[in-house]
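Enquirer: According to my numbering, the sequence shown is numbered sequentially starting from 4.
By construction, these hints were calculated from the structure, which means they are not laboratory data.
There's no promise every hint is true.
Using C-beta positions, here's what the derived DEER-type ranges look like [claimed, not checked]: (1) Q251 x R65: 51 to 59 Å; (2) G85 x Q49: 12 to 20 Å; (3) A97 x Q140: 46 to 54 Å; (4) I306 x M108: 42 to 50 Å; (5) M108 x T160: 44 to 52 Å; (6) Q251 x A97: 46 to 54 Å.
Pairs of lysine-lysine residues, derived as BS3-like cross-links and limited to a Cα-Cα distance of at most 30 Å, are as follows [stated by the list, open to error]: (7) K299 x K265; (8) K73 x K299; (9) K73 x K297.
Backbone N, C-alpha and C fix where the C-beta goes; we use that ideal spot for every residue, glycine too.
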Amino acid sequence: MLLLVIMPQFSLSLLFDPSWCAASLGLAALLDYGLGDPWGWLHPVQVMGQYIQRYSQFCLKRLSRPLLLKIAGVGLALTTVGLSTLAGWLTLLAASYLHPALGWMAEVVLLASCFAGRSLRDAATAVLQPLAAGDLQGARTLLSRYVGRDTAELPATEILRAVLETVTENATDGVMAPLFYASLGSILPLGAAPVALAYKAASTLDSMVGYRDAPYANLGWFSARLEDHLTWLPCRLHVLTLALISGQPRRVLRLCARDGHKDSSPNSGWSETAYAAALGVQVGGMNRYRGLLKQKPLLGDPIQPITPDTVLAATRLTRHCFLLWLSLFALVSANAVLH
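Use the sequences and the hints to build the structure in full.
Expert: This is how it looks when you write it as structure tokens:
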């Protein structure tokens, strides 16, 4: 609070002015599109991940009762989200105290770190390149870095399905939802970047401990539900946006209503179905995890096979949705400035 007292008012107002918030999001989007996550640079998600891992290991070693693990899981989620929000907020305040422009630059960098558009695109192309060259083993090895299923024996068709499912499942929580919460944060006292980081923390928690299987079933229950609830609204808005830009909104929404609920996740199934419907393909099927077969629900209709072009088209759809939301936010911000 002391920083709020001694910091020049212009520094603070710069971070919450609607026009500057829109500009911050626009530059962050360009930064993510052009650079993504530079190799070797410290990323906020890495820091979140280290905290989650150490907290989880401590609890799993010392707690055995399910109730205690569930209570510890609530603490894990609240502290991870709270500390991530606080760290982002203090970073902006400290940078703004040094210079207003520095605070704005810090906000742009933090926001860019919350967007995973470039990372998803790079992951997809990394697998598609050896696949196109006929290097099936190379494609399997690279795919294993991004998916949880066993990849050692996957044929080319299953590799393509796995890449498409990864790209479409993560489009909501990795790209669209962070933009939604950054936009929401721009009208809240905390600011765009801290709120986006809060959501990113919830998403990271879910990816690391939000499993129904041991050893995280009890420790990660609250994290999984928190992420599900936070992603619900941006996921439905994302589905609606996909339906509109696909040119066939009735068909996309009809298939989402038919298949979206089939997946155990209240959000992933809707996101994957929307993309599958827009692209005219079907995802889901038999997967193998640590040697055990698991049937994933079939989503969409198999009008045409999944090809490398299908995967690239999915990344373009995500980019178009992102740009549409960004443009709408800029229009709303401009209207707020004029009035």
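Enquirer: The structure should be examined with respect to each hint, and the outcome stated for every one.
Expert: Now the hints, each set against the structure:
Range check, Q251 to R65: about 54 Å between beta-carbon atoms, so the 51 to 59 Å window is met. The beta-carbon spacing between G85 and Q49, approximately 18 Å, falls within the hinted interval of 12 to 20 Å. The given range of 46 to 54 Å is respected by A97 and Q140, whose C-beta atoms sit roughly 48 Å from each other. Look at I306 against M108: about 47 Å separates their beta carbons, and that is inside 42 to 50 Å.
The given range of 44 to 52 Å is respected by M108 and T160, whose C-beta atoms sit roughly 46 Å from each other. Separation of Q251 from A97 is about 49 Å and conforms to the stated range, judged on CB atoms against 46 to 54 Å. Straight-line distance between C-alpha atoms of K299 and K265 comes to about 9 Å, which keeps the hinted pair within the 30 Å bound. Of the pairs offered as hints, the one joining K73 and K299 holds, with about 28 Å between alpha carbons and a cut-off of 30 Å not exceeded.
At roughly 27 Å between alpha-carbon atoms, K73 and K297 fall within 30 Å of each other, so this suggested pair holds.
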